[in-house]
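J.: Letter by letter, the chains look like this.
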Amino acid sequence: MTSYVIVESQDLYEASNAKSTLELCKNLASSGSNVEIVFVQNAVLGLRGREFAGLLAETAKSGVKFHADLISLQARGIRGDEIPGFVVPISLDLVIDAMADGKKMIWH
Amino acid sequence: MPKKTLTFALMDPPFENERTTTALRLIEAACRKGHNVNVFAYEGAVFMPFAHQKQHANSVKGTDLENENHPLTRIWVAELQQLAADKGGRLDWVNCGLCVDERGANDAITGIRRGSPADLVQFIEGSDNSLVIATR
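Line by line, the protein sequences are chains V and B.
This note's numbering applies: residue 1 is where the first sequence begins, and numbers increase by one.
This note's numbering applies: residue 1 is where the second sequence begins, and numbers increase by one.
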């Protein structure tokens, strides 16, 4: 089974194609791949609030694992209780471990 | 985890975008874990290890040179080279020669190599994995 790690750096509020990344994740997961998405930089802003809650939950329901860079969250004053429970704050070590494991990497 | 060889391709110039910080954080994590790391810097990223970067005071904030302590990417890159060596790996950083010539960014810190896109191909072929951190 192919494993993908997609690093999303674009702000969901500003970059319309960031929503396409979630669609890509959902389609890959639905086709049987292991898919993880890592939110970094301004991408973490979209995790807070209701604006994208439905889209994020729908993507998670398809089997996609959600991570958010802890430093990106902290830099923007976003607390753990402000993001969906299925989003796990992580260090960027996770990305390096995924690369070392040979997972397919995509930066957006 | 066994040592792997990981390649990063960077495009962004320093001092402009958070992608630079994120890229260096990723490279730091890879070096800290003892992996061999390749970096192919092209376009504005060739200025990241530019030897003539200088700290400056900030008259807007009223800070002098020492208190401003402005971060310089050439220092971070040098520290990453040292970190890689300390952890038993290596950081092989190649600046795209065409991009260097266009920008006059010839003077890089010690250990930076000049190369071409062919080096990126060799990096990728010789790596366990690669990540291209492109500008949008």
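Derived from the structure by calculation, the hints contain no laboratory data.
Keep in mind that a hint or two might mislead.
[Said to hold, decoys possible] Straight-line C-alpha distance at most 25 Å; calculated DSS-like pairs for lysine-lysine:
| # | chain 1 | residue 1 | chain 2 | residue 2 |
| --- | --- | --- | --- | --- |
| 1 | B | K33 | B | K3 |
| 2 | B | K61 | B | K3 |
| 3 | V | K26 | V | K103 |
| 4 | V | K104 | B | K33 |
| 5 | V | K61 | V | K19 |
| 6 | B | K54 | V | K103 |
| 7 | V | K103 | V | K19 |
| 8 | V | K103 | B | K61 |
| 9 | V | K26 | V | K65 |
| 10 | B | K87 | B | K3 |
| 11 | V | K65 | V | K103 |
| 12 | V | K26 | V | K104 |
| 13 | V | K65 | B | K87 |
| 14 | V | K104 | V | K61 |
| 15 | V | K104 | B | K3 |
| 16 | V | K103 | B | K87 |
| 17 | V | K19 | V | K65 |
| 18 | V | K65 | V | K104 |
Computed from a predicted model, the values in this text were never measured in an experiment.
J.: Which of the numbered hints are not met once you compare them with the structure shown?
T.: Numbers 2, 6, 8 and 13, in rising order.
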